[in-house]
Amino acid sequence: MNESGVAVRLKELHKAFGSLHALDGLDLAIEPGELVALLGPSGCGKTTALRVLAGLEDADAGQVLVGGRDVTSLPANRRDMGMVFQAYSLFPHLTALDNVEFGLKLRGRRRMPGRAAEMLELVGLGAFADRYPHQLSGGQQQRVALARALAIRPQVLLLDEPLSALDAKVRVQLRDEIKRIQTEVGTTTLFVTHDQEEALAMADRVGVMRAGRLEQLASPADVYQKPATAFVADFVGLSNRLPGRVDGDGVVVLGTRLPLVSPAGRGPDVAALVRPESVEVLPDADGPHRVLTVSFLGPTSRVTVSVADRLVVAQVASGRLAELAAGTPVRIELRPVPVVLDTD
Amino acid sequence: MAGLTARRARRQRAFRWTVLLVLGVFFLLPLVAMLEFTTRDGGGTWRLLVDWPRLSATYPDLSAGIVASLGQAALTALLMLVLLVPTAIWVRLRLPWLRRFVEFICLLPLTIPAIVLVVGLAPVYAWVTYFLGGSSLTLTFAYTILVLPYAYRAIDAGLSAIDVRTLAEAARSLGAGWATVMWRVVLPNIRSAVLSAAFLTVALVLGEFTIASLLNRTNVQVAINFLGKSSATMSVAVSLAALFLAFVLLLLLSLIGGGRRGGSEAAPLSTAKESP
Chain A
1 MNESGVAVRL KELHKAFGSL HALDGLDLAI EPGELVALLG PSGCGKTTAL
51 RVLAGLEDAD AGQVLVGGRD VTSLPANRRD MGMVFQAYSL FPHLTALDNV
101 EFGLKLRGRR RMPGRAAEML ELVGLGAFAD RYPHQLSGGQ QQRVALARAL
151 AIRPQVLLLD EPLSALDAKV RVQLRDEIKR IQTEVGTTTL FVTHDQEEAL
201 AMADRVGVMR AGRLEQLASP ADVYQKPATA FVADFVGLSN RLPGRVDGDG
251 VVVLGTRLPL VSPAGRGPDV AALVRPESVE VLPDADGPHR VLTVSFLGPT
301 SRVTVSVADR LVVAQVASGR LAELAAGTPV RIELRPVPVV LDTD
Chain B
1 MAGLTARRAR RQRAFRWTVL LVLGVFFLLP LVAMLEFTTR DGGGTWRLLV
51 DWPRLSATYP DLSAGIVASL GQAALTALLM LVLLVPTAIW VRLRLPWLRR
101 FVEFICLLPL TIPAIVLVVG LAPVYAWVTY FLGGSSLTLT FAYTILVLPY
151 AYRAIDAGLS AIDVRTLAEA ARSLGAGWAT VMWRVVLPNI RSAVLSAAFL
201 TVALVLGEFT IASLLNRTNV QVAINFLGKS SATMSVAVSL AALFLAFVLL
251 LLLSLIGGGR RGGSEAAPLS TAKESP
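Just so you know, the sequences run in chain order A and B.
The first sequence maps to residues 1 to 344 in UniProt numbering.
The second sequence maps to residues 1 to 276 in UniProt numbering.
If you are wondering where the hints come from, they were derived from the structure by calculation, not from laboratory data.
Warning: the hint list may mix true and false statements.
[Said to hold, decoys possible] With the Cβ distance kept under 7 Å, some of the chain B side facing chain A (calculated, not the full set): (1) Ser-160; (2) Asp-163; (3) Glu-169; (4) Ala-170; (5) Arg-172; (6) Ser-173; (7) Leu-174; (8) Gly-175; (9) Val-185; (10) Pro-188; (11) Asn-189.
Keep in mind it's a predicted model, so treat the numbers as computed, not measured.
Note that beta-carbon positions come from the ideal geometry of N, C-alpha and C, so glycine has one too.
Only chain B is shown next, with the shape it has when bound in the complex:
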């Protein structure tokens, strides 16, 4: 009996390792190939990539793209949070009947291909250019729409995990105004959800190409695309670095998400006593 169980466990372990190996090869092989390709020159490409003054002198378009992407990511995360967090909280507290509608609106960008979005956005951006100029940072508006589905899901999940209504009512009865309820009661309790939304936003913006390219703006992906035509090694190195950055962000996100299940983030864990 024990031998049978041991054999089954061994077989399961073998199966697990096989699956892991196949998937690992599938995902990692291209990355290893990229790494191998970019290190053929003895690491010169990578040394150049981390040496910012030299990089911006050698590939000014690339450095401009990187700066633009970082600016877009930061501004998009900010605009998304400013718009979405108070809206999501307010809908939960005061306009629950609007929830389905808001969810539908927020998920809509997911169903519209980027290319279709651009067709609609082009005339709008004619006005944006007229009022705000042609800076690549104006892509923030389009990107805010693009990240809505992911950010909304993250924040909504955070709000679902707490009893927003009761907490808000308790705070109100203790003398808190609506601003205090949002800042000091709800926000601290959905902090990890807000961080998740922000990280997802940054990862998404760093990987965006279609809209920037079609609206004739620049960002890191557009720069990589251009660079691919002149310096394949550098473009692959930057792609790999961007992928790695996104990977680190998502890893951080999963770590934060895992920590939330323990209850309050700051709380040291110990079991509750079962006395009254």
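Excised from the complex, chain A in its bound form:
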């Protein structure tokens, strides 16, 4: 099944819509068979990047290389890419099987009777081959769309927020399934999403975008634990913005010395971005702070503590909630994990 992928390279891409620069010199290299997720706020250019790679938008400047070949000027229908869209995109007048066969027939692969059925089996919808799109649920439609995109054995698979129209439970199921199928098929994949959990769970590497450029491209763990910039730290996961003082190669926050991800550019007074899970809340009758609110989130909970004139959010095991009711006097300790300084 594994159909080894090709390398993809986006070089210095520029694209403007009127005065808005959707892509501002975007550089991205995807390894063969890799799943890269582009993550960022709305308007950061992630969808534009994917559409330029698909050939559905023309870049103003820059190059698109697929398997070392320059495809910048090739139209979308000759780029050999499979795409799954955010909106339901199955052809309403065709059955699930006919939808999957559509691309195969265009390529004159009529003598591949098993291919479309095989792809429907791969996405777990073999029994639904004769159904029309309006007879399928949203999740099933997106799975057929995935089968249709993969049926043509594309060089690159493009996923444009394919899960965002689905409800939460289906989203998680389908997310795992897409990852399984992508690993099985081995097609180089670019996945665009604004959902950080989705990006971190699925991708081999996550690219965080801001204003048409990549802020960081790294493994999910690195993006979360060693964010390259304050923007990445702020966008991926929750962060407390706490005042600190630079001290050599560390920063002192709330009396604790924390290591820095990258050396401080300025100082000595700075703002450090500290993750809620790095904040320890301990009940203490003489503690200087008070628990303000408690939010139960399942296995873990979020506790907001009033510290001087600001709020600090901490993540605690839900089993400890009994000792941390609102109003409880507490003290705070920070775990010495590397932090990023907010330069904005």
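Since the structure of chain A is provided, determine the placement of chain B on it from the hints.
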């Protein structure tokens, strides 16, 4: 409580039937009168009307008018579809900023009275006659303009009902060229809208009188008008038949329109499962 509801329901039913009866009398009475008038001769007029060789021998102008109208209707529907369907699709896909303008242009004939249209068309038709001759079929060009508002609305509504852009992009990414996108992806999904536009066109052309008369062409309505002066019975019978034909066309149209709401036309209906 139950008695009150029953009484209200009864009153509403009575009101509904009254409205239906009044409207029915208003619309149907003239038609019944026409039918009564044309059957006074024991049905001879109707027998003549359905006997084509005898009809064309007895009323050659009428049969020529009928043939001309059918030709005009077919050609107008064809020309309208060839012009409008690709334009509407292309504007949606590639030139969305032109949509308002195209809509405005297409709706314009609705605001211009036919008589004014003829004044403008007369010099144009001098050239049409020069190049193509004086055949009544040349009215096709004027009629294509006349049906634009209705046909455009129908096709545009069909395109609004589907996500043309996403469907086209999906087809493109699967390797389809623009012609394939139009023929195999968009057109099958707006089939009922295209049929609606065609039926509306046919109904409109069959009922057109002003332009044909003023441009000295013939069609069924012009023939009926002439016939009214010599054979009132036959002219009324043909009018009634034309009305009936238009009624059947519109009925077909509403049936097709109703079927579209079920989703894909060919699909048997069943509810979607709410599993992933």
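Discussion item. Would the hint on B/Asn-189 be counted as holding, given a Cβ-Cβ threshold of 7 Å to chain A?
Written reply: 5 Å, holds
Discussion item. Let's test the interface hint: is any C-beta of chain A closer than 7 Å to that of B/Pro-188?
Written reply: Hint on B/Pro-188: holds, closest Cβ of chain A at ~4 Å, below 7 Å.
Discussion item. The hint names B/Leu-174 as touching chain A; please verify it with the least Cβ-Cβ distance against 7 Å.
Written reply: At 4 Å from the nearest chain A Cβ, B/Leu-174 passes the 7 Å test, so the hint holds.
Worksheet item: Close enough to count: is the Cβ of B/Val-185 nearer than 7 Å to one in chain A?
Response: 6 Å, holds
Item to complete: Go through the hint on B/Glu-169 and say holds or violated, using the shortest Cβ distance to chain A against 7 Å.
Response: Cβ of B/Glu-169 sits 6 Å from chain A, so the hint holds.
Fill in: chain A contact restraint for B/Ser-160 - C-beta distance below 7 Å
14 Å, violated
Worksheet item: Holds or violated: is there a CB of chain A closer than 7 Å to the CB of B/Arg-172?
Response: At 4 Å from the nearest chain A Cβ, B/Arg-172 passes the 7 Å test, so the hint holds.
Fill in: Hint check: 7 Å Cβ-Cβ cutoff, B/Ser-173 to chain A
Holds. Min distance 4 Å.
Fill in: chain A contact restraint on B/Gly-175 - CB to CB distance below 7 Å
4 Å, holds
Fill in: chain A contact restraint on B/Ala-170 - CB to CB distance below 7 Å
4 Å, holds
Item to complete: Double-check B/Asp-163 for me: the hint is only fine if its C-beta lies closer than 7 Å to a C-beta in chain A.
Response: Holds: closest Cβ of chain A sits about 6 Å from B/Asp-163, inside 7 Å.
Checked against the numbered hints given earlier, this structure breaks only hint 1.
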